[in-house]
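If you read the sequences in order, they're chains X and D.
Residues 69 to 254 (the working numbering) are what the first sequence spells out, left to right.
Residues 20 to 209 (the working numbering) are what the second sequence spells out, left to right.
Warning: the hint list may mix true and false statements.
Stated by the list, open to error - Partner residues are not named here, just some residues of chain D that face chain X (Cβ under 7 Å, in silico): (1) ASN51; (2) PHE53; (3) THR55; (4) MET56; (5) ILE64; (6) SER67; (7) ILE81; (8) SER87; (9) SER91; (10) GLY150; (11) GLY151; (12) GLY157; (13) TYR159; (14) TYR160; (15) THR198; (16) LEU201.
Derived by calculation from the structure, the hints in this document are not laboratory data.
The beta carbon of each residue, even a glycine, is placed where N, CA and C say it ideally should be.
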Amino acid sequence: MEINLRKTVKLVFLLFASLLIASASAAVYYAITMEPSVTIQNAVVQFAQGSDWPSGSTLGTNGTWVSLSLKAYPNATLIYEEPLNISNTDSASHQFRLRHVSISPASGDSSVSNFTFIRFVVKNSSGVAQASFNYSTSGDTWTTPSTMSYLTLPASTEWIIYVETKAAAGAASGLSVNIVIAVDVQ
Amino acid sequence: MLKPNFKKTGFLCFGYFILLVLVNNIESVNGNVFYTMEIQAASTISVSPVELQNGTDNLSIIYANNTSAKISVDANSTSINYTYALNIKNNNDTSFLVRLENFNSSNLDKINTTIILHNSNTSRTQISIVGGSLNETGEYYNLTSLSTIYVKIENLTENIQSGTAYLYTYLRVKIPDSTYILYVITFEFR
Numbered sequence: 069m070e071i072n073l074r075k076t077v078k079l080v081f082l083l084f085a086s087l088l089i090a091s092a093s094a095a096v097y098y099a100i101t102m103e104p105s106v107t108i109q110n111a112v113v114q115f116a117q118g119s120d121w122p123s124g125s126t127l128g129t130n131g132t133w134v135s136l137s138l139k140a141y142p143n144a145t146l147i148y149e150e151p152l153n154i155s156n157t158d159s160a161s162h163q164f165r166l167r168h169v170s171i172s173p174a175s176g177d178s179s180v181s182n183f184t185f186i187r188f189v190v191k192n193s194s195g196v197a198q199a200s201f202n203y204s205t206s207g208d209t210w211t212t213p214s215t216m217s218y219l220t221l222p223a224s225t226e227w228i229i230y231v232e233t234k235a236a237a238g239a240a241s242g243l244s245v246n247i248v249i250a251v252d253v254q
Numbered sequence: 020m021l022k023p024n025f026k027k028t029g030f031l032c033f034g035y036f037i038l039l040v041l042v043n044n045i046e047s048v049n050g051n052v053f054y055t056m057e058i059q060a061a062s063t064i065s066v067s068p069v070e071l072q073n074g075t076d077n078l079s080i081i082y083a084n085n086t087s088a089k090i091s092v093d094a095n096s097t098s099i100n101y102t103y104a105l106n107i108k109n110n111n112d113t114s115f116l117v118r119l120e121n122f123n124s125s126n127l128d129k130i131n132t133t134i135i136l137h138n139s140n141t142s143r144t145q146i147s148i149v150g151g152s153l154n155e156t157g158e159y160y161n162l163t164s165l166s167t168i169y170v171k172i173e174n175l176t177e178n179i180q181s182g183t184a185y186l187y188t189y190l191r192v193k194i195p196d197s198t199y200i201l202y203v204i205t206f207e208f209r
């Protein structure tokens, strides 16, 4: 059989050209540009000390973080009517909610049964309860609260986060529970 | 007469169809700007600053941690006073305001009586029960630092012989500002 050299060269050239086209077309792209400008501003909704601010508590700079130092008494209910406030400094209303993050000691730890409940209640400026957020125990197990529905905090208004604690009868003094709660603001 | 151009119409329809598919495939995105703040709450079990003790009348049962009690008394047709039914002792070097608050009751028409807080010299009436009606004064009594005050049951008389009357109260211990502790004190009138 006779090989047609001319045709073969043409075919090879075509194949090579198609390869080039394929690799070139794969490299075609374009870019769009985003130029974000980030300005540091005070949070419009922030924490504020209440009239029952517990001693040993810390309000973080800028009011976006708070550490509350609470007590609990065995078989007696301790009530902090106004330990912490949540303040909307904006001229528009905002929504917020409480969301459980963590609790320590965790369920299964034998010290959990020393606590009866730690209850947070969001109250409006007139003291009317808007929503509650309860941690309670059953034996060594915590029942943690579900994420709260969003509440509307009116413009230039301060609401109250009220707290109740109770330890079990015969509870051992000195035991602590540490709770982390996120407050989502939008 | 105008002749329909099927070829052009077909192309147009196809074009509209492609446009429709593209538009339907563009997803709309909704987002909210939000941020998260954090509460770290540490609650420590502590010894309560005020404790309940059985009084010299020996009528009280004191429960665990001395933070709740039951006072049991017999009522009869003759008026009787129990001056030291229960002791309320302040172990703290701070003064507290205290008062009794009713939160539940049953069969109160069985008895008439007045419940008083006192320190043997001064007193404050807390609750009166007459003809089944309860009156609460809401008055605070000063429990000075490291002192003891007493619960007095005054002029207890029985109206109805059968049954037992119960009065459930909180002893509210007011810590400065609006923080307070509630101790349960139950009165049982047999």
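Restraint check, 7 Å cut-off on beta carbons, for GLY151 of chain D near chain X: 29 Å, violated
Hint status (Cβ of LEU201 of chain D to nearest Cβ of chain X, threshold 7 Å): LEU201 of chain D check passes; min Cβ-Cβ to chain X is 4 Å, inside 7 Å.
Restraint outcome when SER67 of chain D is required to lie within 7 Å of chain X by C-beta distance: Constraint on SER67 of chain D satisfied, holds at 4 Å.
Residue hint MET56 of chain D, partner chain X, criterion CB-CB below 7 Å: Check passed: Cβ of MET56 of chain D comes within 4 Å of chain X, closer than 7 Å.
Evaluation of the interface hint that places SER87 of chain D against chain X, nearest CB under 7 Å: 5 Å, holds
Given hint TYR160 of chain D near chain X, where the shortest CB pair must fall under 7 Å: 18 Å, violated
Minimum beta-carbon distance criterion (7 Å), THR55 of chain D to chain X: 5 Å, holds
Hint validity - ILE81 of chain D Cβ closer than 7 Å to any chain X Cβ: 11 Å, violated
Chain X contact restraint on PHE53 of chain D - CB to CB distance below 7 Å: Hint on PHE53 of chain D: holds, closest Cβ of chain X at ~4 Å, below 7 Å.
Hint status (Cβ of SER91 of chain D to nearest Cβ of chain X, threshold 7 Å): Violated: closest Cβ of chain X sits about 19 Å from SER91 of chain D, beyond 7 Å.
Given hint ASN51 of chain D near chain X, where the shortest CB pair must fall under 7 Å: Given a least distance of 5 Å, the restraint on ASN51 of chain D holds.
Chain X contact restraint for GLY150 of chain D - C-beta distance below 7 Å: Cβ of GLY150 of chain D sits 32 Å from chain X, so the hint is violated.
In this structure, the earlier hints numbered 7, 9, 10, 11, 12, 13 and 14 are contradicted, and the remaining ones agree with it.
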